Every structure is written in structure tokens, then in C-alpha cells.
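Peer 1: For the protein sequence lines, the chains are F and E, in the order given. Every number in this note's numbering is 2 more than the matching position in the first sequence, counting from 1. Every number in this note's numbering is 549 more than the matching position in the second sequence, counting from 1.
Simulated from the structure, these hints should not be mistaken for lab results. No experiment lies behind these values; they were computed from the predicted model shown. Ideal Cβ placement from N, Cα and C applies to all residues, glycine included. It cannot be assumed that every hint is accurate.
Computed footprint of chain F on chain E; a stretch qualifies when at least three of its residues, placed anywhere within it, have a C-beta under 8 angstroms from a C-beta of chain F [stated by the list, open to error]:
{"id": "1", "region": "552-558"}
{"id": "2", "region": "563-575"}
{"id": "3", "region": "588-596"}
{"id": "4", "region": "601-610"}
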Amino acid sequence: MDFIRKQAYLIDFTLSSLLRRKGKNLGLLLVYTLIVFLLASVMLFTHALRKEASIILQQSPEIIVQRLVAGRHALIPADYLEKIGQLRGVVSKRGRLWGYFYNPSVKANYTVMAPEHLELTTTEVVIGAGVARALGVGVGDYFTLRSDDGNTYSFQIKELLDEDSELVSSDLVLISEKAYRVITGIPEGQFTDIILSVRNPREVRKVAEKLTEKLPDIRPILREEILRTYDSIFSWRQGIVFVLLFGALMAFVIFAWDKASGLSAEEKREIGILKAVGWESGDVLRMKFWEGMIISLSAFMLGYLAAYLHVFYSSAVLFEPVLKGWATLYPQFRLTPFIDGLQLATLFFFTIFPYVVATIIPIWRASVTDPDAIMR
Amino acid sequence: MHKSALVLLFFIAGILLMVLTAVDAAVQQDSAMESLGRRTLLVKELGLSDIALFTEARYTRHPSLADRHAAFQDHPVSFDHFPSGSLYLPPRQLVQ
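Chain F on its own, in the form it takes in the complex (with noise of 0.2 angstroms):
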């Protein structure tokens, strides 16, 4: 009991002390929450993009088989479909028709596609959430398309793909498979590329092999590897979101090692007159550690909240202008939270720790010499 009332005297002695000194503790603090702020929101946000990417991405193409032509894309001939014949183990294939197309008067890039499961009649079009909000348009308007001979074509709009799945929809203009080769000049028995199925996962990889020993000039892309590329695309250790990370780190690490390398003569001075008048140097210590303690929590519990509401109430506003680069289509899309123990606590670790320590040794330095020494 007698343990908890001193520590109890200690932490009002040190939030006292802590007051006398407002204006630099409070900026202190407004810092330090910052960094863990923009630390948080980076987790939260690239753990929960990579989950959902992960989640949503578990239904694409098994395998896609893409031609190359020199080292790049090319169209693939329907009759790949015959070569590539029964593989064992593959359960459909089909022909996919899907490119891109520049609309130069709101500068955005659409993904067109031709999809078999949509019956669409020649003049009708579904299109993603963006589209619509960067044309303003919807149901029932008109929708065109200028294609490679420079004609330019109508379409009316269906209906819009669902706001909730923009996060894959967004750019997204579905046109009948007709419309498609009219629009592209890409003649029948030609696809983009071509989609397989595979009963069993396990073989895969199998398939893959025997499809690259049959046809040579032929890529085929693994779901597996669609996922490992979310899995790491914006992961902790890659990218700017590393460089970003460093550079907050380092701010940091420099912030603390300019509070251990020396105290200013104001916080030596009542050292000193807290053993003049008979504290121990472990009472100072400890009350220096609650003073490292109360800071480095408090910003730390403020910044992770702050950036919890950031991420996943506002969807993550302040990265939009970053995430967003030259692109027009942007989706709307507020992310599921998914949260990492193990990141937090890392964050926790890395945030709190350094600071702590930092504090704590410039005390012990001066707490262990001669109060007189000090004062002087």
C-alpha cells in the first residue's frame, strides 16, 4: 500500500513539475502524438488494404495466360484455347477482352472489358462508381466511346457497379463483347488473354509448367502470385512507405537523443534541490521514469486513436492526395478495419522505448553526482 501512495506522490509531484514547464511539454507532446499518428496511420492503413486485397482477391483467375511478343503483352490467338487442349487438372478456360482506354477530355484511364457472364446488347453499358462520378453521369445517360478508326460510339448506361466494391470496380466500363472488337479493331479470334481454372490447387503450378513447355512464348500468371504481389506491395519494408517511415524514425531518434545528450539547466537545478532536500537518486529516477512514462503514453495512446479514426472513419483523406498521383479515377472506398497485434506492438515497442530510455539516462547521470555540483 505504502508502495502505491508513493508512487502516487511521485506522479503529482512530476505532473506539477510537468505544468511548470507547459508550453514545452505540450509541444512535446503535440510532436511525439504526430509521429505516432503518421506511424499508426501508415500501419493501419497498408494491413488493412493488404487483408482486403488478400480477401477479394482469393476468387481471381487461377491462371491467366498472357502471349509476349518481345518481351511484351501481345494479343493471344484463339486458337491457343485448341493448343492448350485438356490439360489435365484444368477445368474451363476462356477468352478474356479487356484493355484500356484514355479519355482525353477528363483525363482519366478506363479499364474496358467484355464480360461473358453481363448479356449487354451493342449499345448498352455498365460502368464502375468513378466513371460515373468523373462524367457525372448515371442510369439511363448516354456514355461514348471513340474507337481506333476515330468514330465515336454511344452507349446508354445500364446500370452502375456497386459503390461498394470500387476498391476493384472504380475505372471499370463493361460493353458487349461486339462493341469491344468494334471500338479496339481487335478482329474475332483474338483475346487479351485467356483465363484458367484449376480443380486442384496443389496442381496449379503443374499446369502452369506444362502450359510453358507446350506454348514458349506464353506467361502464365498465378493466382498465388497475384497474391504474394499484394502481400507485398505495400509492405513495411518496401517503397516510400519505408523512406516515409525512416524519415519519421530518424526525426525521432534524433529528438531523443537531443533530450539524453544533455538536460537543460532548469531541470539540473531542481535534481539538485530534490536531493538537497533529501530525495534519493532512485526517487529522482523514478519520478523521471513516470515523467517519460505519462508523455510517451499519452502519445501514443492519442496518435493510435487518431489515426484509427483517420484510416478507417475519414478513409485514410490525408493519404488521398498521395495514393491519388496523377490518376483522375480515384476510388471511393472505406477499408474494413483489420488490425495487427504483433505491428502494434512493434509500434509500441519502437515508439515508446527509445523515449523512455532516452529520458531516464541524462537523470541517472546527473542524479548520481553531488547536489552542490549541480546547483552550481
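The hints should help you fit chain E onto chain F, whose structure is shown.
Peer 2: Only chain E this time, still in chain F's reference frame:
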């Protein structure tokens, strides 16, 4: 009330709010299952392979289908000029 008691209350409130974020995440995951299912169905029906986060260039819109020359698509030494190219690393199967 002692200042230490206020600090204690502040930390308890903070910890409770952090626990609440985990509860909120679990609740939202449950309620998002339906919309996740719709998205998954669309991916299955259309045979989609990528998320539409960066629509500015072919290789950022469909990174998993990009070829080795993606960043140099216009010319052998024309470097990647789209900002989102710096946010992505190339697909793992290309750099392995």
C-alpha cells in the same frame, strides 16, 4: 482529487478506447462480410486480378499483369514518370 488519480483515469479511458477499437474492428468485420462477398463475387465473375487504387498507368492499375519493361514502357531509358510507381514495388515474381 489527486492529480495522479486523474492521470490514472486518463490512462484507463485511453486503454478502454484502444480495446474499443479492437471491438469496433471485429464488429465492422462482421458487418462487412456481406459487402466483401459482393466484391469477391464481382472479382470472380469478371476475372479481375488487381485493385483499382492507381488508375494512372497500365502497370500501376494491373501490377500483377505488368511485364518486366513496365516502368520503361515508352522507351528503353524512359524512367517511370508516374508518382504511384514510387509507392509500388514491382510484383515479386518479376524481381525474384
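Peer 1: Decide, hint by hint, whether the structure agrees.
Peer 2: Against the structure, the hints come out as follows:
no., hint, result
1, 552-558, "holds (count 4)"
2, 563-575, "holds (count 8)"
3, 588-596, "holds (count 9)"
4, 601-610, "holds (count 9)"
Checked against the numbered hints above, the structure breaks none of them.
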